[in-house]
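Chemist: Next come the chains, spelled out residue by residue.
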Amino acid sequence: MPSGSENGYSVDDGYSIVVDDVSVTYRTSVEGRPTLQNTIRRLGRRERIVREVEALKKVNFRIKRGHVYGVVGANGAGKSTLMRAVTGILPPTEGRIEVKGRVSTLLSLGIGFNKELTGRENVVLGGLAAGLTREEMADKYDEIVEFAELEDFMDMPMRTYSSGMYGRLAFAVAVCMDPDILVIDEALSVGDARFKKKSFERMKQLCDDDRTILLVTHAMGTVKKLCDRAMWLHKGEVVMKDRSKEVVKHYTRFLEVNEDDELTAEEL
Amino acid sequence: MAEQMVQRTDEELPQPAEDASSQASNGKPGLDSDDYTGNYHVYEPFQVGLPPMRPYLRELWRRRQFALQLSKTKLRAKHFDTALGQLWLVITPLLMAFVYFLLITVIRGGSRGADFFAHLVAALFLFHLFSQSVQQGANSIVGGGKLILNTAFPRILLPFSSVVWAFRRFLPTIPIAAVIHLIVGVPVGWAILFVIPIVAVTLLIATGVACFVAALQVYFRDLSNLLPHVLRIWLYTTPILYTADQATERGLGVFLWLNPMAPVIRSLAATVDHQELPNATVFLGGLAWGIGLFVLGVLFFISRERELAVRL
Chain U
29 MPSGSENGYS
39 VDDGYSIVVD
49 DVSVTYRTSV
59 EGRPTLQNTI
69 RRLGRRERIV
79 REVEALKKVN
89 FRIKRGHVYG
99 VVGANGAGKS
109 TLMRAVTGIL
119 PPTEGRIEVK
129 GRVSTLLSLG
139 IGFNKELTGR
149 ENVVLGGLAA
159 GLTREEMADK
169 YDEIVEFAEL
179 EDFMDMPMRT
189 YSSGMYGRLA
199 FAVAVCMDPD
209 ILVIDEALSV
219 GDARFKKKSF
229 ERMKQLCDDD
239 RTILLVTHAM
249 GTVKKLCDRA
259 MWLHKGEVVM
269 KDRSKEVVKH
279 YTRFLEVNED
289 DELTAEEL
Chain Y
4 MAEQMVQRTD
14 EELPQPAEDA
24 SSQASNGKPG
34 LDSDDYTGNY
44 HVYEPFQVGL
54 PPMRPYLREL
64 WRRRQFALQL
74 SKTKLRAKHF
84 DTALGQLWLV
94 ITPLLMAFVY
104 FLLITVIRGG
114 SRGADFFAHL
124 VAALFLFHLF
134 SQSVQQGANS
144 IVGGGKLILN
154 TAFPRILLPF
164 SSVVWAFRRF
174 LPTIPIAAVI
184 HLIVGVPVGW
194 AILFVIPIVA
204 VTLLIATGVA
214 CFVAALQVYF
224 RDLSNLLPHV
234 LRIWLYTTPI
244 LYTADQATER
254 GLGVFLWLNP
264 MAPVIRSLAA
274 TVDHQELPNA
284 TVFLGGLAWG
294 IGLFVLGVLF
304 FISRERELAV
314 RL
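Quick note, the sequences are listed as chains U and Y, same order.
Residues in the first sequence are numbered from 29 upward in steps of one, following my numbering.
Residues in the second sequence are numbered from 4 upward in steps of one, following my numbering.
Wrong hints could be hidden among the right ones.
Here are the simulated PhoX-like cross-link-like pairs (lysine-lysine), alpha carbons at most 20 Å apart as the crow flies [said to hold, decoys possible]: (1) K232(U) / K263(U); (2) K75(Y) / K143(U); (3) K149(Y) / K143(U); (4) K273(U) / K75(Y); (5) K232(U) / K273(U).
Per the computed footprint, the stretches of chain Y lying under chain U, defined by three or more beta-carbons under 8 Å from a beta-carbon of chain U, are [stated by the list, open to error]: (6) 58-66; (7) 72-79; (8) 154-167; (9) 255-268.
Selected chain Y positions facing chain U (in silico; Cβ < 10 Å) [said to hold, decoys possible]: (10) Y43; (11) H44; (12) V45; (13) Y46; (14) E47; (15) P48; (16) F49; (17) F101; (18) G147; (19) K149; (20) L150; (21) I151; (22) R314.
Worth flagging that the hints you see were computed from the coordinates, not collected in a lab.
Model, not experiment: these values are computed from the prediction.
All C-beta atoms, glycine included, are put in the ideal place defined by N, C-alpha and C.
Given only the sequences and the hints, what does the whole structure look like? Please build it.
Modeler: Okay, here's the thing in structure tokens:
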């Protein structure tokens, strides 16, 4: 690794996101669910069974303002963790993340949506949690519904939504928040071709307005078309950072050659 | 090996958008720095401890509508598909009071009159405000998984919202208690207004305990099984099903001070049942418990909350 090559950069140099040597470690107990009983038992035996999962290991990158940055990688590569760290949801275990601008997130699980509540309630709650006022939310609400094309469904519980409708609403909320930085996690794979085209155009428009987009996806076509640069993560480590075409080329080759998920330099 | 790869490909390419730097220099980072919104954020490793309190409280205040709206929405969703709908908000506490009244009358051989029923109703409703806050609060973080994993906001809004939720459920029970008192024929005087500070102290205690158990449940998931029983014992050690005098007679007077809810219920009994101002020592004891638990519970929560997402 070019040691510390990224240190010393800050958001003042025209970057929206600067990620410096960031590691994130999840602490999970072996039982899966931490319980009092097991803790007492462990205390009795004077042992501490905490399994540490290193989701990200010393990840470095930075994104210029107005750019679209892609993140690719197999399942469990740490992509979602990276998104959560950049949006301030998970504190890094090591390192430092600097972000400049208002962030809007669209993570793979939806925007904290409670399926028992209606689409309208979820949208309003999501907006209020993100720090908007009731008035600002009322202003944006119609735009969100129109973009998602869900006018007839907003007062139905979200458990009745199809995954496509779910994704459309989530995407509409994220882009309508008027973010400086948009963080999108695998959301483009939902929705039909027409909606996909529409969201493409919306993201392009955001870029033209000098907004920054951090995009996690499995769709290589999207990375090639939208992203300026991309990063390939594997098991929490950065394998490669380059122009998106290069990254996609290597990553696709890796996927074809490598069925058993073992990674060696020769195979690249 | 993987590292070689990086070295080979990581030369920073000439960036087409060089004008970006000129725009970035207007807005000095650091001036508007806070954890949740604003224009500049730095995220660094978590340490147990308090975040900078000024921006934290500002963000908390900014999102007060969220806590209110969440409690309202949850309330509406809860009885959405039952035939009696929101009427359950009134029926449930009434049934509960009736069950306890039956229990006491059967066990003690019918020596209790209508006065006691009136006392029971008021005391149970107030205790219910406390226990519902705590129970709802305990699940607020663990049950708020997706919201927590996808949005950055002061997490303490979730237990706060649980207390608001319980308070909203408590409100419609006030007229019921009032009607029962009128029917039973308990006289009404100005002392009844002292109920307001009593409810306020209850909310302080409830918020403190709710925040505490909300964070604790993330570390010990068993708490959700344990809590209903703890709250039931708590109810029995509070002078609700009996009077404070009876507790003292049996040498259980110490519980009247060890239990934060006991002074509150004693104060309530004085104002509602006897139309007199509560004993100052008793009420101030309750207030001290309230302030203490509120501060401790909230600080415990805030000092842990940035780590909670990692453990969900």
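Chemist: Work down the list of hints and note, for each, if the structure agrees.
Modeler: Each hint, compared with the structure:
Taken as a hint, the K232(U) and K263(U) pair is broken in the structure, with Cα atoms around 30 Å apart against an allowance of 20 Å. The hinted pair formed by K75(Y) and K143(U) meets the criterion: a straight-line CA distance of about 16 Å does not exceed 20 Å. A threshold of 20 Å between alpha carbons decides the hint, and for K149(Y) with K143(U) the separation of about 11 Å falls inside it, so the pair holds. Between K273(U) and K75(Y) the alpha-carbon distance is near 49 Å, which puts this suggested pair outside the 20 Å criterion.
The straight-line distance between the Cα atoms of K232(U) and K273(U) is roughly 18 Å, inside the 20 Å bound, and the hint therefore holds. Remark: the region 58-66 of chain Y is confirmed as covered by chain U, as 3 of its residues place a Cβ nearer than 8 Å to a Cβ of that chain, reaching the required three. For a cut-off of 8 Å, the count of residues in the region 72-79 of chain Y with a CB near a CB of chain U stands at 3, and the three-residue condition holds. For the region 154-167 of chain Y, the stated coverage by chain U holds: 4 residues have a C-beta nearer than 8 Å to a C-beta of that chain, and at least 3 were required.
With a cut-off of 8 Å between beta carbons, the region 255-268 of chain Y has 0 residues touching chain U; three or more are needed, and the interface restraint is violated. About 5 Å separates the beta-carbon of Y43(Y) from the nearest beta-carbon of chain U, less than 10 Å, and the hint is met. The beta carbon of H44(Y) is positioned within 10 Å of a beta carbon in chain U (closest approach about 5 Å), and the interface hint is therefore held. The beta carbon of V45(Y) comes within 5 Å of a beta carbon in chain U, closer than 10 Å, and the hint placing it at the interface holds.
Look at Y46(Y): its Cβ gets to within about 4 Å of chain U, closer than 10 Å, so that hint holds up. Interface hint at E47(Y): satisfied, since its Cβ lies 5 Å from the closest Cβ of chain U, which is below the 10 Å cut-off. Checking P48(Y) against chain U: minimum C-beta separation of about 6 Å stays under 10 Å; hint holds. Annotation: interface hint on F49(Y) holds; nearest CB of chain U at approximately 4 Å, less than 10 Å.
Here the hint on F101(Y) is broken, as its CB sits about 30 Å from the closest CB of chain U, past 10 Å. For G147(Y), the interface hint holds, since its Cβ comes within 10 Å of a Cβ in chain U; the closest pair sits about 8 Å apart. Proximity of K149(Y) to chain U holds as hinted, the smallest CB-CB distance being about 5 Å (cut-off 10 Å). Interface restraint check: L150(Y) against chain U, minimum CB-CB distance 3 Å, threshold 10 Å, status holds.
With a cut of 10 Å, the hint placing I151(Y) at the interface with chain U holds, because the nearest CB-to-CB distance is about 7 Å. The beta carbon of R314(Y) comes within 7 Å of a beta carbon in chain U, closer than 10 Å, and the hint placing it at the interface holds.
Violation of the numbered hints given earlier is confined to hints 1, 4, 9 and 17; the remaining hints are satisfied by the structure.
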